[in-house]
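Undergrad: Sequence order for the protein chains is A and B. FYI, in numbering that gives the first Met the number 0 the residues of the first sequence are 0 to 230. FYI, in numbering that gives the first Met the number 0 the residues of the second sequence are 0 to 230.
There's no promise every hint is true.
One copy or any two copies: either way a pair holds, since identical chains are not told apart in the list.
In silico lysine-lysine, BS3-like type, Cα no more than 27 Å apart, as pairs [unchecked claim]:
1) Lys219 x Lys155
2) Lys155 x Lys35
3) Lys142 x Lys219
4) Lys182 x Lys7
5) Lys37 x Lys213
6) Lys182 x Lys142
7) Lys219 x Lys5
8) Lys205 x Lys37
9) Lys205 x Lys60
10) Lys182 x Lys35
11) Lys194 x Lys155
12) Lys219 x Lys35
13) Lys18 x Lys194
14) Lys60 x Lys7
15) Lys35 x Lys5
16) Lys101 x Lys5
17) Lys155 x Lys181
18) Lys5 x Lys213
19) Lys101 x Lys182
20) Lys37 x Lys194
Hints listed in this document are in silico derivations from the structure and should not be mistaken for laboratory results.
Protein chains: 2
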Amino acid sequence: MVNDQKIKVAVDAIVFGYKNSALYVLLVQQKYGPMKGKWVLPGGLVQTDESLSEAVRRELKEEAGIQVNYLEQLYTFGDDIHRDPRGRVISVAYFALADPAKFSLQADTDAEDAQWFDMDSMPAAGYDHAVIITAAHDRLRNKLSYQPIGFDLLDKEFLFSELENLYCTILGSEIDRRNFRKKIMSYGIVDETNKTASVGSGRPGKLFRFNTRKYQSLQKVGFHFEINLRK
Amino acid sequence: MVNDQKIKVAVDAIVFGYKNSALYVLLVQQKYGPMKGKWVLPGGLVQTDESLSEAVRRELKEEAGIQVNYLEQLYTFGDDIHRDPRGRVISVAYFALADPAKFSLQADTDAEDAQWFDMDSMPAAGYDHAVIITAAHDRLRNKLSYQPIGFDLLDKEFLFSELENLYCTILGSEIDRRNFRKKIMSYGIVDETNKTASVGSGRPGKLFRFNTRKYQSLQKVGFHFEINLRK
C-alpha cells in the first residue's frame, strides 16, 4: 500500500427540517480555522476507528446537539482537489431529516452557534457547502416521488393539508391536491385517526398517521411508493 | 485540523459490459498484497493531487487497459472499518459501462490479469467487493427504468430484439415486449435506420440507433425517461 497519500476524510451532514410551511436546513457557525465565523454544514474529520455513519452522528451531536430521524449517504465530494484551503479533504456527505421541534440546538466543540435556516434566506455557506446543499435539495425533491419520506418531516399525526403543503413547499410548486390525496390513500399506508385539529383559524380537520409497519410489510412483497408529481 | 487520522482513500470501479445476451463485470487478479491471486474490482489508492474520477479512470487504464463509456459515483464504502486487512481504507465506488468488444484487456501495474466475468459465474471476489458488485447491480437494474442507459451497453446500431434481450438479461425476467417497444418508440429517442441485420439464423430485422442529441434536447425541456417494467 502506497503510504504517501495526503488526503483527509471528512463527513458533512445536510439536515432538513420542516416547520410553519417552510423547509429549513441546519448550519453551524465555525469557531476556528479558515472559515471562522462562517456558517457551514455540521461535520468534521472521521476518526480512524469509527464508521462513516458513526462519524456523522457524532458530529451532529457534538456540534448541534441533535439526533436525526433519517440518515442516508448522499455523495462523496472529492473532484475539486482545492475544496478545503487547509489541504486535500474529501467529504462524504449525508442527507438527513429531523424534527426541529424535538430539539433545542446546542452548539459545542468546533461550532460557535447552530441554527435552522429557511432555505429561502440562507447565509452564503463556507467551503463548497452551497453545492452540497443544492445536491441534497435535489435528492429530497426527487425522493418525494418514490419514497414516503415526507412523513419523517411531519409530526406523528398531521392534517392532510399539512402533508400537501409539505409537498408544495419542497417542490416549489402547486400539486394536484385531489389526485394526490386519492393516490396516497389508495396505498393504505396512511391511517385516519379519530382525532381532529385545526391550523390557525381554519376549519378542524381529521388527523392522519403514517403506518410504518404497513409500509414495511408492503415493501417486502415488492410494493413501490410512487407519486407522479407532474401536473 | 486533527492530524492523527489514519485513513486511506481508494476508488474502485464496477464496469459492466454486455455481449452475447449476457451481463459481464470486469475483474482484475491481484499481483501483490494480502489478496494476491484473488479476483477483485479494478481500483486503488487516490493520489493526493488527482480528483476522485481521475483516479478511477487512471486505475482502469493501468490495471485493465480500458476506457469507459459511462461513469458515475455509486457509493462510498466505509462503515466496515476492517474491510481492508492492511488498515483503514474507505472506497469510493464508481459504476461504469463499457463495450467489451471495443477493447482487448491489458493487465498491468498491480494487476496480474484482467477479465470479463459473466455475472452468473463469477469467482468469489476479494475484500468486500462482492457487496459492492451487488450494490452496483441493483443500481443498474433500477436505472434501466428511469434512464436510457441500456444503449451504452449495445453497439451504436442494434436490432430491437437485442435491446429487449438486454432488458430481460439485466432484470432477470421476461418483459412485456409489445408495450416496451411502443413506449420506447413513443419517446422519439430511438431512430430506425434503413439497414437490416440478423442474429444467427434469425430473420433479418431493422437496425435502430439511439438519438443522443434528441434525448439531451428533450431533457432540457424537462422530459423524463420512464419505462415501467412491472408486468
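Undergrad: What label fits Lys182 with Lys142 when the C-alpha limit is 27 Å: within, between, both, or neither?
TA: Close inside one copy (16 Å) and across copies (24 Å); limit 27 Å.
Undergrad: State whether the alpha carbon distance between Lys155 and Lys35 is at most 27 Å within one copy, between copies, both, or neither.
TA: neither (38 Å within a copy, 53 Å between copies)
Undergrad: Should Lys60 paired with Lys7 be assigned to within, between, both, or neither, using CA atoms and 27 Å as the limit?
TA: The answer is both: 21 Å in one copy and 25 Å across copies each meet 27 Å.
Undergrad: Taking 27 Å as the upper bound on the Cα-Cα distance, should Lys155 and Lys181 be classified as within, between, both, or neither?
TA: Close inside one copy (20 Å), not across copies (44 Å); limit 27 Å.
Undergrad: Between the shortest in-copy and the shortest cross-copy C-alpha distance, which are at most 27 Å for Lys5 and Lys213: within, between, both, or neither?
TA: neither (48 Å within a copy, 44 Å between copies)
Undergrad: Indicate which option fits the pair Lys219, Lys35 if close means a Cα-Cα distance not exceeding 27 Å: within, between, both or neither.
TA: Answer is neither; intra-copy 48 Å and inter-copy 39 Å both fail.
Undergrad: Within, between, both or neither: how does the pair Lys101, Lys5 come out at a Cα-Cα threshold of 27 Å?
TA: neither (40 Å within a copy, 36 Å between copies)
Undergrad: Since the copies are identical, ignore which copy is meant and state whether Lys219 and Lys155 lie within 27 Å (CA to CA) inside a copy, between copies, both or neither.
TA: Only inside one copy: Lys219 and Lys155 sit 23 Å apart there, 39 Å across copies, limit 27 Å.
Undergrad: Are the CA atoms of Lys182 and Lys35 at most 27 Å apart within a copy, between copies, both, or neither?
TA: neither (48 Å within a copy, 54 Å between copies)
Undergrad: Under a CA distance limit of 27 Å, which applies to Lys219 and Lys5: within one copy, between copies, both, or neither?
TA: So Lys219 and Lys5 fail the 27 Å test inside a copy (44 Å) and across (40 Å) alike.
Undergrad: When no copy is named, should Lys37 and Lys194 be tagged within, between, both, or neither for a Cα gap of at most 27 Å?
TA: Answer is neither; intra-copy 45 Å and inter-copy 62 Å both fail.
Undergrad: Please sort Lys101 with Lys182 into within, between, both or neither, judging by C-alpha distance up to 27 Å.
TA: neither (30 Å within a copy, 47 Å between copies)
Figure legend: structure checked against the earlier numbered hints; hints not met, in rising order: 2, 4, 5, 7, 8, 9, 10, 12, 16, 18, 19 and 20.
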